[in-house]
Structure formats: structure tokens, C-alpha cells
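Mind docking chain Y on chain R? Use the hints.
Each chain, written out:
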Amino acid sequence: AQSVAQPEDQVNVAEGNPLTVKCTYSVSGNPYLFWYVQYPNRGLQFLLKYITGDNLVKGSYGFEAEFNKSQTSFHLKKPSALVSDSALYFCAVRDPPDSGYALNFGKGTSLLVTP
Amino acid sequence: DTGVSQDPRHKITKRGQNVTFRCDPISEHNRLYWYRQTLGQGPEFLTYFQNEAQLEKSRLLSDRFSAERPKGSFSTLEIQRTEQGDSAMYLCASSPDREVGQPQHFGDGTRLSIL
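Protein sequence lines, in the order shown, are assigned to chains R and Y.
Per the numbering used here, the first sequence starts with residue 1, numbered consecutively.
Per the numbering used here, the second sequence starts with residue 1, numbered consecutively.
Honestly, the hints are just simulated from the structure, not real lab data.
Ideal Cβ placement from N, Cα and C applies to all residues, glycine included.
There's no promise every hint is true.
[Stated by the list, open to error] Facing chain Y, from chain R, some residues (calculated, C-beta under 7 Å):
id: 1; residue: 32
id: 2; residue: 46
id: 3; residue: 100
So that you can see chain R by itself, here it is in the shape it has in the complex:
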């Protein structure tokens, strides 16, 4: 089964510092990987995806993620954190096309950016 793991429940970073939110995956075949952000009492907002191609993927709001096949990781990064980036972040992997389209999410990582 396709799955992702987010090893950190919470990440704390000072405003202006770089941030990293970690995600590792376990899939059979080529992974379709996604990052979403969730603000309180809201749905999930899409940030970026990796399907194929360049290992460094750029997304919304200055976020990027690096796909690393040898380490089976897809860490989310941002060079300079903002207080407004404080939210819940979810990594997800999609089932391959021949077995459905469900997204399998990690447990989430709470990001707190302090002024």
C-alpha cells in the first residue's frame, strides 16, 4: 500500500529562518507526491506536487520540495519563514492510476513560526 510518514508532530522556527517539514514515502512503483496546508477550521490547500521530472519542485507561497529517491523522502522547504506560514502541513501520496485515485495522507506536522 502507498503510504507517507511525517516524523515530526511539530516544527518550530523563527521568522526569517529557513524551514523544513519532513516526509518519507513507501510506494510500489513511481510515487505521485503532494503537499497540502491546512489553516484552522478550513479545508486543505494544495501547495505543490511531484509526478516526474526535476527533483526540486516549486510551489505556492514560496514553498518548494525536494524529491529524493534514494532516501525515499519529499521534504517541504522554504528559505525564509513567515509568521503567516504557521499552520498544519500534510504530505500525501496518491494511489497509482490502475488502483484508484485516493490520496493517502500523513498525520500532519504543525508548523509554528515565531516573530
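Okay, now just chain Y, sitting in the frame of chain R:
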């Protein structure tokens, strides 16, 4: 607003009652998904529609749950004889099917509380 719309945003009901939620996807999206999210967890897949056809159901979708998408546009999710364990946020998402790896776009969810 052309995003995914869910109604109601909040529902409080007594155990044993039936509830129905509605989801209006982005208009040109053929695929529609339902997820359930409990506190401190990532969303869990429930079911998926391609147009009006329900193509995939999770084992989480017990026989008390039923979902429909009668005209391939809006969808409803009904829970019969609600139980305490049904308390959760129910999220709807939609996506187009025109190319591989399209992200799913989420609504703000319906929060269900069972008294």
C-alpha cells in the same frame, strides 16, 4: 467563489439520528472525493466518483454511510444512525481528469458533532 463548496459547515446532532452533507465541486471537475478527518489525524479516504459513477469505496465506508452523485455534479454523503465515532470533519474534494497527477481541490469541510 469558484472553489469546492460544502454545506453545512457545522452539524450537531444526537446519536442515532441521520445526517446528510452536500458538496458542490468546481464546475469543470469530473472527479469528486469524500474524506474524513478526525482530530490530530490526516484525512482518510472514503469514496470517489467519476462523473455519476461511484468507482471506489474505502472499507471505512460502513453500511451506515452512503454517497451519491446523481447527475455528475453535486454529491451528498448520508450517515444513518449516527454514532459517537462519526464525529469528525468531512471533506469533499474535486479534480479534473484531463491529465495525470492533477491535484485534488478541497472544500472547507462539514464538522459533525454527535451528542
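### Message
Let me make sure I understand: some of the numbered hints might not hold for this structure. Which ones are they, in numerical order?
### Response
none
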